[in-house]
Structure formats: C-alpha cells, structure tokens
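Protein chains in written order, with my numbering: chain A, 1 to 395; chain B, 396 to 461.
Quick caveat, the hints were computed from the structure, so don't treat them as lab data.
Nothing here was measured: the structure is a model prediction, and the numbers come from that model.
Ideal Cβ placement from N, Cα and C applies to all residues, glycine included.
It is possible that some hints are incorrect.
To be verified - The calculated label-pair distances, taken between Cβ atoms and stated as ranges, are:
no., chain 1, residue 1, chain 2, residue 2, range
1, A, Trp218, B, Leu410, 21 to 29 Å
2, B, Leu406, A, Leu342, 51 to 59 Å
3, B, Glu422, A, Leu267, 42 to 50 Å
4, B, Ser408, A, Gln301, 46 to 54 Å
Here are the chains, one letter per residue:
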Amino acid sequence: MSTVTADSSRYGRFMTGLLRITLRLDTFIHTLYPTDFNPLYYTGGLSNLFLFILVLSGIFLFFYYEASLAAAFESVRYISDEVPYGGIIRGVHRYAADGFIVAILLHLFRNWFTDRHLFSRDNPWISGMFLLLFGGLIGFTGYQLVWDERAQVLTTMFLAMLRSIPLAGDGLAKIFMGGVGIGEGTLVRILFLHIVPASTLYVMLWWHYLRLRHPKVWPPGVWVLLVVGLVFLLAGVIPATSGQPATPAARPTSFPMDVFFMVPFWLLNWLSPGAVVVLGVLLFVGGLAVPYFSRRETAPQMGVRHAGVAQVIDGNCTGCELCYFDCPYNAIVMVPSPGPGLSKAAANRTLLAVILESRCVECGICIGACPFEALELPKFMERDVRIEIAQAVQA
Amino acid sequence: MQAFYGVGIVLLSGLALAFAAGIIIGEATDRWYFGGALVGALLITYSFIILLLRKMGVIGPRKAER
Numbered sequence: 001m002s003t004v005t006a007d008s009s010r011y012g013r014f015m016t017g018l019l020r021i022t023l024r025l026d027t028f029i030h031t032l033y034p035t036d037f038n039p040l041y042y043t044g045g046l047s048n049l050f051l052f053i054l055v056l057s058g059i060f061l062f063f064y065y066e067a068s069l070a071a072a073f074e075s076v077r078y079i080s081d082e083v084p085y086g087g088i089i090r091g092v093h094r095y096a097a098d099g100f101i102v103a104i105l106l107h108l109f110r111n112w113f114t115d116r117h118l119f120s121r122d123n124p125w126i127s128g129m130f131l132l133l134f135g136g137l138i139g140f141t142g143y144q145l146v147w148d149e150r151a152q153v154l155t156t157m158f159l160a161m162l163r164s165i166p167l168a169g170d171g172l173a174k175i176f177m178g179g180v181g182i183g184e185g186t187l188v189r190i191l192f193l194h195i196v197p198a199s200t201l202y203v204m205l206w207w208h209y210l211r212l213r214h215p216k217v218w219p220p221g222v223w224v225l226l227v228v229g230l231v232f233l234l235a236g237v238i239p240a241t242s243g244q245p246a247t248p249a250a251r252p253t254s255f256p257m258d259v260f261f262m263v264p265f266w267l268l269n270w271l272s273p274g275a276v277v278v279l280g281v282l283l284f285v286g287g288l289a290v291p292y293f294s295r296r297e298t299a300p301q302m303g304v305r306h307a308g309v310a311q312v313i314d315g316n317c318t319g320c321e322l323c324y325f326d327c328p329y330n331a332i333v334m335v336p337s338p339g340p341g342l343s344k345a346a347a348n349r350t351l352l353a354v355i356l357e358s359r360c361v362e363c364g365i366c367i368g369a370c371p372f373e374a375l376e377l378p379k380f381m382e383r384d385v386r387i388e389i390a391q392a393v394q395a
Numbered sequence: 396m397q398a399f400y401g402v403g404i405v406l407l408s409g410l411a412l413a414f415a416a417g418i419i420i421g422e423a424t425d426r427w428y429f430g431g432a433l434v435g436a437l438l439i440t441y442s443f444i445i446l447l448l449r450k451m452g453v454i455g456p457r458k459a460e461r
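For reference, chain A alone in the conformation it holds in the complex (with noise of 0.2 Å):
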C-alpha cells in the first residue's frame, strides 16, 4: 500500500515549490492556449501520438529493411534516396522517437511535481516507469539497426555492458550476438529486439491505463496538427542520415550523440561498463519507489486547505450517475437508491452515489460534475470558495 510521510523537510519544501512552479507555469500556458488546449494537460496523450506516429512509420520501414550485416547499411540508404518520400518517413521515425521520449519525460515530472503518483495512482506510475525502459531500449536499438560506424561503435559498448553483469553476462551477450561474436544473427536479433518490445508497449498501456476510467489517451486535434505537422518538417529540413558504412577494421572513437538514448554510452567516457548498468539498475529501482517514499508537506504546512475526502449529500443525488463517469479513479459507485431524494429532482431517482474513501484523491472533479450540489468537499465548502473569491476580488 502506498504512504506518505507528511513533514516539512527540506525535500517536502522543494517538492512543494516545484508543485507552484508547474501550477504558474499552467497559468502561463493559459494565457495563450485556452485550457482545453493546454499541452502539459496532454502529455500522455502526445505519447501515445508520437508511439503511434512511430508504429505507421515504422511498418512503412520494415517493407524495404534488410536485417543483414552485408544489406543493412544499403537498405537504409535506399530507403533515404531512392524510395519516394523514404528519407521522410526514416525522418518522421527518427523525430517521432525523440519526441516520445520527450513527452514520456514530461508526463512523468509532471504527475510526480503534482502528487499524481501517490496512493491509488501508484500503478500508472509502475507502469509508466516500464513504458519509459522499453522505450529507451527500442530507440537505442533502432540506432544499431542502421549499421553505422556509429551502431558498430554502440554495439560494442552495449556487450561491454552485458558482459560486466555477473554470473549471466557472457550468456547474455551470446544470446544478443547470436554466436560468439557479431555476425548475420545479430542484426536480426536487433531487428527483433525493436520491433517486440515495440509492441508490447500497448500491452502495458493496458496496464497503465488500468486504474483510471477516463484517461486522456489523445491530444486534441490542434496538437495532432502541429506535433504531426513539426515531425515532416524536421525531417523535410534537417533529414536523417547515416555515418560511414560500418566495417569490422573501422575503429571509430566518437559518434554523433543523441542525449534521449545514448546517455548511458556518454557515461562510459569516466565510468565502466559495469558502473553504468549499476547506475541505470539503480535509477530504475529509485523511480519505480518513488511513489512509496515520497516526502510531502501536509496542507496546512504548504499553505492551503485540506479538502476531506468527497461527501454525497444524500437528499440531493438524483441517481444521475454524472459523477460516476467523471471520477477518474472509479471512486464513486452507484447503488440501488434504499429511498427518494429529499429535492424535487431526486424525487424519483433510482440511484445512488456512494464515495468509496480509500480511493478519493480529493481532486474535487466530482464536485464540478454534479448538477445538483449533491457532493461536497467537507472542509471545503461553497461558502468557503464564496468567501475566497469574495477576498480575492477585493484584493
């Protein structure tokens, strides 16, 4: 079960201002997007857009792919030069890739600065967490799969890597290999290590969306224009391309580096192979806790109210069940009404609503989606944001 420590550390303090920091930076967005077009409210939604970009991108390649130490290299050459529109779409793959990045990156820092990983959200953010693995894993492998000096270079790194790992390391690198060394297995190997991963990424969107009923899953059309729209034209502008062919004598000592994949292959300029696996098993390990040992500040400590957990007001649910399907993280159920409401409306109702506590976040979501005043925040009342904006029109 999930818990939270409540104290007003140094830690809770900075989670606190990163907290407004986001909220400001919200109120800015505002100012020139409405806020149904807020990108930062979409930001697992513009994932699911660039993972999608990617799949259609990604099938249109592998028609002219050829996984073989001899043909990769020339393939891909193909596809940038001789099929019409190929070096577009390589592009389009390309930018997509860094994009899902981006917007996994941003998804998860905004959740985490505005408490959405605590409690009953902790299984968006574990599955989050696997989400943002796989991904770096399928676009790292996507750079071997051009079969550059610059893969050439990666691969090598990358079985120092497996092979610092004890005891099943020497294994791993084999099975990677397919052999003792790279060979015609490997690419296909790759191949495969790109293109599986790939989609089991829906899978555990499965996963991810589990927990919440309406999970935002796609930007709105403004955004879809413009990400879609910004992808082909960096691709149209700054293409794709490819280092030297790679050849068993080269050995090149740098790359053109790519700070949303390569990070861990940068490490190794002051770290071993084995330090950097440690690192990355250690961060891994640390985001996947983090929804378990997050210090925050209670209200009072930050400065505002503390809502209570959402209350039906008996005599007012009319049983309309608009609360039931704006709640995203099925809180409120419906049950069979044991009686009339006391208002006209709830006169004939047949159901209604009942709060299950230990799912309540206090989001207040409910309080919007009903009608008829039939919920309540118990600690923050209407006269409360009555008497606030009273206050703040005044100031």
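Chain B: place on chain A using the hints.
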C-alpha cells in the same frame, strides 16, 4: 481582438495555400524532402488556424463545458 484573429486566419490560409502549391511543385520535381517539409509546414499552419478559430469562439469548447 476578433478582427485581429480574423486577419490572422486569412494570412495563415494564404500561407497554407502557398505551402500546398509547394507540395505540388516538390512532387512534380521529385524533391521529396522539400515536399515532405512543406507537408509539415502545412499541418502546422492548420494547427494555428484552429487555435485562432478556437480563440474567436467559432469552434469549441464542447457544449457541456460552456
């Protein structure tokens, strides 16, 4: 402000038309990167047109959100 948005939409529409012409030219001359980049530019222009339409109140928000 409405007039400002209206002028913006007209200008962007003109720009979109130019990009569409560019796409045809790119296709006719086999300049695929040029044509592909203009497809992107066209879509971005459309996105800004939608944004201005939204700011004008011509489209959205959904009825339930009003």
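Status of the hints after comparison with the structure:
1. Trp218/A - Leu410/B: 21 to 29 Å: holds (27 Å)
2. Leu406/B - Leu342/A: 51 to 59 Å: For leucine 342/A against leucine 406/B, whose Cβ atoms are near 58 Å apart, the range 51 to 59 Å holds.
3. Glu422/B - Leu267/A: 42 to 50 Å: holds (45 Å)
4. Ser408/B - Gln301/A: 46 to 54 Å: holds (53 Å)
Hint compliance for this structure: no hint is broken.
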